[in-house]
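First to last, the protein sequences are chains A and B. Going by the working numbering, the letters in the first sequence line up with residues 1 to 501, in that order. Going by the working numbering, the letters in the second sequence line up with residues 1 to 169, in that order.
Just so you know, not all the hints are guaranteed correct.
[To be verified] One side of the interface only, derived from the structure: several residues of chain A facing chain B at Cβ under 10 Å:
| no. | residue |
| --- | --- |
| 1 | Phe168 |
| 2 | Leu175 |
| 3 | Gly428 |
These are computed hints drawn from the structure, not numbers from a lab. For each residue, glycine too, the CB sits at the ideal point set by N, CA and C.
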Amino acid sequence: MLSNLLDGFATALTVEHLLLAALGVLLGTAIGVLPGIGPAMAVALLLPITYSIEATGAFIMFAGIYYGGMFGGSTTSILLNTPGETAAVVTAIEGHPMAKKGRGAQALATAAIGHFVGGMVGTILLVALAPLVADFAVNIGAPDFVAVMLLAFIAVTSVLGKSRVRGFASLAIGLTIGLIGLDPVTGQQRLTFGSLHLVDGIDVVVVAVGLFAVGEALWVAANLRRTAGKPIPVGRPWLNRDDVRRSWKPWLRGPVIGFPFGAVPAGGAEIPTFLSYVTEKRLSRRKDEFGKGAIEGVAGPESTASASAAGTLTAMLTLGLPTTAVAAVMLAAFQQYGIQPGPLLFERESELVWALIASLFIGLTLLLLLNLPLAPLWARLLRIPRPYLYAGILFFASVGAYAVSSDVVDLVMLLVIGLIGLMMRRFGLPVLPAIIAVILGPSVENQLRRALQLSGGDLGGLVNTTFSVVVYCVIAAILLWPLIARLVRKFARPKVDSHAG
Amino acid sequence: MSTRNLTGRLAGKSELGVAGFLAVLGVLVIVEAASLPPAIGQFGPIGPDVVPYIVGGLLLVTAGLLAVDVLRGGRGEAESGEDIDLSVPPEWRTVLLLAAAFAANIVLIDTAGFLVSGTVLFWGSVYALGSRRYLRDGLIAVAVTVLTYLLFAYSLGVPLPLGPLDGVI
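With the hints as constraints, model all of the structure from the sequences given.
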């Protein structure tokens, strides 16, 4: 394994790959800082480069964007009180008051270092765990695969988001888009309505760009804030001895919370960053400072967010299971190259995977080196005139989708899917289930049919392994959770800890 | 106050449109699945129509449940964001103008070429989004388009169509 990693470094440390890693983290940070663009949209907009750059380089860049985006989001949280990414929502709670007190530089510094520490520990965990998970997962068969993917569907619709029915509606829309095209088993056309353009299905680049870039830009345009917030000016980030003393424990606790959440379906970064915040508040000796700018409340969640990204990559690489929107779009990129992430990835694409992992270490280091001195510059990005920003997003979405196959029908599709994305945002349908359904739906169908073929059509063939039975039990528990919770509340004495939170 | 109530009620009703959309989609998927010709090369017990039936069913069920939820007063929470101000009602005029700019881009890209369509898309979007500095916006639109063309042609090896300008440049 260590030799694999060293080989990975050898691949990642070539001039071209280093440049791509640097470009990735810079772009990612800029995107994280810029309002309205998240890492998922950024990777989606860059998917067309998969047609011109070799796979290893593209993934090195995407990984840099992911980590950079997670970091950049904290800058707006701290300076503007508006989180650039959902993962940075919690950071605003303490980070912005710190900036208002004139401690913005320290908030940015503890976020940057926390990000570095969390990412490093998370990536080390990834190195240690990924081969083990892959070894285990290599033996799972079609029934297990179906079960895990169904778990991903159910978890992403039920655990995240505020409304289950809207989550399922989004999932169903995504599955429908995934159905369009040739049936992979019999070669029959489904939902193509005789159109030649639809026979190959809708390119996943078009779907991702439509949902994330066009849909988002249209929705923001409809509700554009006319009076932009004013960022608090800030100098170079630095920490004094007391800040470090208060930060290092939260930095180290972050990965413990963040990594596992990042790796499970529907985990992502939102829940663990919140948990980290609550934990740091509990453990802090200066609880009175919380809400008014406690540095622990920035250090912990930032480290957590970064580690959760590593956890997400672990699940994506070893199981082919996307737990966040960025991972879903990266999975789409793998499919563009005809590479199937999953247990076999470590055998078949050993060089690519280890170069990608090595580049995570490099990217994190670059992030720390670049971001501490560049922070004031990043803050200036916040002043970009909004018409240019959102016009630019639409422009690049259009160019990217057209470049896929130089087919104007793709642009029509892009607009239609963008309008669906607009509708989803307007009416509170979460976007994540849809994109995961588009990407995973076809493989679930394939595996489902394979499993039933093996069992001769007997539905028992779906539950003939212990693993799949366990997963279905988890699915049942998630589905029945509101019912269980109600029963528990009914029978147990309400002993609510009023100090919670 | 009364206007807010009114918009609130209208917004509640418009969400039924989503349920309608899901229902129409569901019917479409099911009808399409039913009209699939019998599979000759069917492989295994499940044909190409089974999963569409499941998906169509899911669409119909969610459509029904969503409609019930909306009628009971449930509301989907509009997505918030850094540049989003939900305290004022959405301006659909902006969206229409943007969609128009995008449609113009679709019509123009194969006929007039990317340099024209890209400029129209960028400039039109900037106009739709409220900028009125026509000259500066136009110059930026041209610059962005030309730079993008060069980037795609020379760095990524993807030539975008030049239309009638092909050969001139």
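Restraint satisfaction for Leu175(A) [CB to CB of chain B, less than 10 Å]: holds (5 Å)
Interface hint outcome for Phe168(A) [beta carbon to chain B under 10 Å]: Given a least distance of 5 Å, the restraint on Phe168(A) holds.
Evaluation of the interface hint that places Gly428(A) against chain B, nearest CB under 10 Å: Holds - the Cβ of Gly428(A) comes within 10 Å of chain B, reaching about 3 Å at its closest.
In this structure, every one of the numbered hints holds.
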